[in-house]
Structure formats: C-alpha cells, structure tokens
Amino acid sequence: MPEIAEVETVRNTLKRQILNKKIKDVNILYDRIIECDLDLFKKALIGAKFINIDRKGKWLILELNNDYDLLSHLRMEGKFFLKSHNDPIVKHEHIIITFVDNTDLRYHDTRKFGRMLIVKKDTLNDAPCLKKLGYEPNSTNLTADYLLNKLKNKSITIKTLLLDQSIISGLGNIYANEVLFAAKINPFKKGQDISKKEAERIVKASNEIISKAIMMGGTTIKSYTSSLGVTGMFQQELKVHKRDKEKCCVCGSVIEKQKLNGRTVYYCPKCQK
DNA sequence: AGTGCGACCCGAACGC
DNA sequence: TGCGTTCGGGTCGCAC
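All residue numbers for the first sequence refer to the numbering used here, where the first residue is 796 and numbers rise by one.
Some hints could be false.
[To be verified] PhoX-like, lysine-lysine: derived pairs with alpha carbons at most 20 Å apart: (1) K945 / K927; (2) K979 / K992; (3) K1065 / K1052; (4) K907 / K926; (5) K992 / K947; (6) K886 / K816; (7) K947 / K984; (8) K926 / K999; (9) K1068 / K991.
[Claimed, not checked] The following label-pair restraints were derived from C-beta to C-beta distances: (10) K991 / K816: 43 to 53 Å; (11) M1010 / N1056: 27 to 37 Å; (12) H880 / L814: 11 to 21 Å; (13) L1055 / G842: 45 to 55 Å.
It should be emphasised that the hints constitute simulated quantities derived from the structure, not laboratory data.
Please read all numbers here as calculations on a predicted model, not as lab measurements.
Ideal placement from N, C-alpha and C gives every residue a C-beta, glycine not left out.
Using the sequences provided together with the hints, build the complete structure.
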C-alpha cells in the first residue's frame, strides 16, 4: 500500500530505468484506470520519451518530451514492472507501455484502484488532483501555524484530518497512525481542539517519520513491494500500526484497534490520552 | 460549507 | 475441507 515514501522509491527506481527511451506502443488492457480520453493517452505517449519523473503528494508526474505529462497514482496496490515485451502478460497487468528496445513498462494493480491521466504541461498546476494538495510532511512550509489554521473550526477527528490530502499531502492510514503515536495525541481528538504545542508535535513527527520512511524505502505490509524488486524496510519501524493486542514500546500498555470513519485506527490508550 | 458514507476492486482472512 | 462473508486501502462523488 504505497504512501508517499513508497511513491518516492518508485520514482527513484523508475528514473534509473525508463528515461529517454522512445515509446513504440501502448496497450490498455483495462481502461478504467485511465481517467482521460483513451486516444489522447495513446497519442501523447507513442513516439515520445519520458525525460523526468517528479512527484507531488502521492502522484507521480512522468514528464514527456512533448506538450504532455503522464500522471499516475498507485492508490493501494499499483506497481510498475520493467519486463521484456516477450514475457507473458500476467494477471493484473493493465497498462503496457512498450519501448523501442523491446522492453515494457507494465502497470500492475491487483485492486484496479490506481489512476492515470495525460495532462498538458502548461496546465499541469491547474490539474484538479494536484491543485488541491496541501504541503508535504517533510516540507518546511508545513508549520504549526499552517496546520492550526487548517484545523480550526473542524469538528472531525485529527486522525481523519491527517488523511485529508488538502491539509498534508502524502500521509496515508499507516503514517497517520504512526504520526499521532509519536506526537502523543489521541486520534479521536477534534481538529479544533488541537493546541499549538500539539500542532508542533504533529509537524515534527510527520517530518521525522516520513523522512526516515523515505530513507528506508517505504513500508512493506501485505502485498506491497515497490517497483523492480526494491522492498521497503520501514515496516519494522512501525510502533502502533497493525500492532493491536501487542504491548506499547513506550509504556507497555496494550495497543488498541478501533474503527473511525471507516478506517482502522491503532493507538496506545495510555500514551495518547 | 462541512461532514459522512457508499462505491470502486479483489485477495486474504475469517466464520461456520 | 469447502463454502460464503467480511475486511482493508485512497479517493471521489453524492446525500444530508
């Protein structure tokens, strides 16, 4: 389940593998992944080359050497694999981009939740999916005052607010749980009740946790392996996520698991009062 | 406007 | 064992 750290790992891995190779063909085996016009998708890619890969929040921005960029969101289980065009197509490979050297960039997505679209370079910053993103967890723009301003008058819980990409872009369920544990804040606390001191702790914790997770290549839980065999090592660093019924590493209390707005929240009832 | 929830998917885990 | 059911994950769009 890729979060920002995993997406960053995929970005770095793909940059080493697919830049400056001319695209020969594009095959769309499951078209609901593609959010834009299918003809535009193929037209923009065929004959072009990727010249850089950027990232905003959890979106990958694959820049082409023409007027277009390819945006890709892996959602939970999207992965890219580089294979020979002669390799058999396996289950869950949905988009095949073939280069002139007969290698394929294959998009694999068990859940089919991922999304891709082509946007014009000159309107990239107006793309709705990018425009609404808040600051990133390790951005210096993410300050306690910025956060407090976003949380004021919010009656929903801080846990739910941390998942809102328009406030902080890139935190998913795993890191939201970890950030609140590190900041010693109860996940059920309302946004409007967060103090400046608490906001400072959230900013500090998200910065530290995400920086470390990126350094370690992300978290691997369940089926997720980032592209091309690079496996994240951050999982062992998780203090509360998926650790219900285990003892808190700080105080020894039993970690609890609950449902909150349809999402699973893990927390230490003693450390996070 | 703010909030909550179902829908999108399918494999794994669970219950009987 | 084998079946059916539930769960989880990020985001959007709809309903209130």
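Do the hints match the structure? See the list:
With a C-alpha separation of about 13 Å, the suggested pair K945 and K927 falls inside the 20 Å cut-off, and the hint holds. Note on K979 and K992: the hinted pairing holds, with a Cα-Cα distance of about 11 Å set against a maximum of 20 Å. With a C-alpha separation of about 13 Å, the suggested pair K1065 and K1052 falls inside the 20 Å cut-off, and the hint holds. For a cut-off of 20 Å, the pair hint linking K907 to K926 is broken: about 24 Å separates their Cα positions.
The suggested pairing of K992 with K947 holds, with an alpha-carbon distance near 14 Å, which does not exceed 20 Å. For the hint linking K886 to K816, the alpha-carbon distance of about 26 Å lies beyond 20 Å, and the restraint is violated. For the hint pairing K947 with K984, the CA-to-CA distance comes to about 13 Å; that is within 20 Å, so the pair holds. Distance check on the hinted pair: K926 and K999 sit about 25 Å apart at the alpha-carbon level, beyond 20 Å; violated.
Between K1068 and K991, the direct Cα distance comes to roughly 17 Å. Compliance with the 20 Å bound is thereby established for this hinted pair. The supplied range of 43 to 53 Å is met by K991 and K816, whose beta-carbon atoms lie about 50 Å from each other. For the pair M1010 and N1056, the beta carbons lie near 31 Å from each other, so the given range of 27 to 37 Å is met. A hinted range of 11 to 21 Å for the beta carbons of H880 and L814 is consistent with their spacing of about 18 Å.
Look at L1055 against G842: about 48 Å separates their beta carbons, and that is inside 45 to 55 Å.
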